[in-house]
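Student: These are the residues of each chain, in order.
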Amino acid sequence: MTHRVSFARKLFTYIALLVLAVCSIYPALWITMSAFRPGTSLLANSLFPKDFTLDHFRELFTTPNFPYGLWYWNTLKIAFMSMILGTTVSTLTGYALSRFRFKARKTILTTFLVLGMFPGFMSMIAVYIFLLQFDLLDTHAAIIIVYTFGAAMSCFIPKGFFDAIPRSLEEAARIDGASHWKVFTHIMLPLARPMLTYMAMTIFTGAWVDYIFARLVLRSKENWTLAVGMWDMVANFQSSNFTLFAAGAILIALPITLLFIGLQRLLVEGLTSGANKG
Amino acid sequence: MNTKQQETALQPSSAGPAHGKTAAVLSVLGMGLGQIYNRQYTKGLILLLLEASALFYFVRNLGHGLWGLITLGEKEQGMQKVGKLTQLVPGDHSIFLLIEGLIVLLAFIVFLAVYILNVKDAYRVGVARENGRKPNNIAQTIENIKETKFAQALLTLPLLGVLFLTVMPILFMILLAFTNYSFPDHVPPAKLVDWVGFGTFKDLLLLKSWSKTLLGVLGWTIVWAVVATVTTYFGGLLVALLLQQPFVRLKGLWRTIFILPYAIPQIVSLLVMRNMFNGEFGPINQYLAYFGLEKLPWLSDPFWAKVTLIIVNMWIGIPVSMLLILGVLTTINKDLYEAAEMDGASPFAKFKAITLPMVLFSTAPILITQFAGNINNFNVIFLLTGGGPINENYQYAGSTDLLVTWLYKLTLDRSLFNMASAVGIIIFIIIASFSIYNYRRSRSYREEDMIQ
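Protein chains in written order, with the UniProt record's numbering: chain A, 1 to 278; chain B, 1 to 452.
Since the hints were derived computationally from the structure, they do not count as laboratory data.
Given the structure is predicted, the values throughout are model-derived calculations rather than measurements.
No residue lacks a Cβ here, since even glycine has one placed at the ideal position from N, Cα and C.
Treat the hints with caution; some may be incorrect.
Simulated coverage check for chain B against chain A, where a stretch passes if three residues somewhere in it have a Cβ under 8 angstroms from a Cβ of chain A [said to hold, decoys possible]:
1) 170-179
2) 263-270
3) 275-288
4) 409-420
5) 428-435
Restricting the straight-line Cα-Cα distance to at most 27 angstroms, the calculated cross-link-like pairs of lysine-lysine (DSS-like) are [to be verified]:
6) B:K251 / A:K10
7) A:K182 / B:K149
8) B:K334 / A:K10
Kindly produce the complete structure, drawing on both the sequences and the hints.
Tutor: Structure (structure tokens):
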């Protein structure tokens, strides 16, 4: 069945799509252009600069009191470690809570649900003192530990995923003599690849962009992450050196943005399966 | 069948020595003794070592920890004459005492739980011996754990982490609301903190300056959450409807472009937006001026700041709703539309009767989650306006502060920890009521055990 769609409707649709596209792209385009613009000012006469310069990017990696390269390395390290450990912890937790029945199960699920609803800032003070007690302040290990076990709280996404896998699958394997561990590693994990990717992505980006907790724990400048550094830059230098900020912003945003766009198919799955997590 | 066997094994036999009781009594006396009596030497020794180290820890810390929890310290820091010199003598640090007390208490609860398990285990193995079964050796025990206690083994480490890094801090936060921990009179180490019961809540609700701020901020928080949720939801619906029309070419490309605002990390995009809406130099006002329009006080006027927040939030939030709704739209049965067309329904009638109800039905739980999320939407407010512009009628809050950013300011800028905790508990009650309502309705809760 083919319909004749009126020309007016087509025109209107494409104009609307075009306007939306411009709105979506404009801020990214504007900050990119600012990063290549000579000078330091926020004020610009036109969106596209007359001359392009790479000075601001060079400046990022050469300014001594602004160790951007070091921060980049720190962030990569923290985000990567948290991603591996956090995905493991949340997947194991979700798996245990999804596929097994034991006494404390319902209690644990309800507790996790309720815990997730507390605003985080007040508990940050307690975590801070906890880390102080164990002499872990200003270390990357502390940040990684906290992100890792924080990921355990998001076990509802893996749980929802494993819930949907039929019982018969593992029962067949069990009858053939496979241990629980073997069922988990040889049957469940391969099936869970999309979910694992989604979890890994969210934990990685979470660690990549966190500025609140990281700022609290990482005291010395050489231990900072990108997000903390950028936040500090906005607080202190931005008005005086906007174009440098722009260059820094692009280098932070680019990897994550590309990752998201590349994995956008997973986004919908993750969003919907996480919908009941509250 | 397996559990049934275990249950019969748990019945003590009438004849023969009472191994079960003996082992249980022994393991009450000392962790692992019952297991050693049961000839499970390795397990017994491990447990015994565990108890020794736990006792070593608790003897030194439990009493002091509980004392700290109850009194929050008794000795204030002060100048004292030591010999001939007057010097600063450190007093008790109430907050450290509170946290140490919590840690010791939680550790003790974990220890008690292990102790009870130890007694139960000794009893069970003892009874099995009465029935003529040989106790497992250590290798068999490990094998047994892998088969029957797999879930518990997987959960042990994550749960311990959650206990100390999530539960303990939250307990701490709740307790703070019942103390007077606040700047300037009760901040350790210089001063002690005391328990004050519901005093903080009374101040927050009854003192005029505080209750006015609470009501004002709460009101804006609700308005914000409703408007932010509705605008992004229907914005997303509109974009999805535009995009899914059959004649639209290059759907993938359009979708990728529209996802861009969601894909850019918020710390970057919001800080960029803050510059774009800059009242003096920002490009938005430059364009307005270019078209001969008046510049707008985007971030500096209370009303316009709120408008800016809503606009920017739409920019970030619409892509998410669009993705979700695009997903739902593909699942709607095409026959419905064909049937409607036969009856001569207009496009709008089709939308009202088929599309909207179907989409609303499948996304309702997500809508409530987003609403709850918007109540706590820290990033947008904090990075864009920082809660500003200043509101002189408020106690330490700006015109666009949400409860959660107000809480942040009370904590990190003002050190009014007790007040912040009370606000935190109020936020929790609001979020929890929505979320529990939502969760109880959701399929995953009701059908939880149907997959078995």
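Student: Next step is simple, just say for each hint if it's right about the structure.
Tutor: Do the hints match the structure? See the list:
1. Coverage of the stretch 170-179 of chain B by chain A holds [criterion: at least 3 residues with CB-CB distance below 8 angstroms; count 4].
2. Chain A is given as covering the stretch 263-270 of chain B, and this holds because 7 residues of the stretch bring a CB closer than 8 angstroms to a CB of that chain, at least three being needed.
3. Coverage of the stretch 275-288 of chain B by chain A holds in this model, with 7 residues showing a Cβ closer than 8 angstroms to a Cβ of that chain against a need of three.
4. For the stretch 409-420 of chain B, the stated coverage by chain A is satisfied: 4 residues place a CB nearer than 8 angstroms to a CB of that chain, which reaches the threshold of 3.
5. A count of 4 residues in the stretch 428-435 of chain B with a Cβ less than 8 angstroms from any Cβ of chain A is obtained; the coverage claim is therefore met, three being the minimum.
6. With a C-alpha separation of about 14 angstroms, the suggested pair K251 of chain B and K10 of chain A falls inside the 27 angstroms cut-off, and the hint holds.
7. Proximity of K182 of chain A to K149 of chain B is assessed by CA-CA distance (about 15 angstroms); at most 27 angstroms being required, the pair is judged to hold.
8. Between K334 of chain B and K10 of chain A the alpha-carbon distance is near 21 angstroms, which keeps this suggested pair within the 27 angstroms criterion.
In this structure, none of the earlier numbered hints is contradicted; all agree with it.
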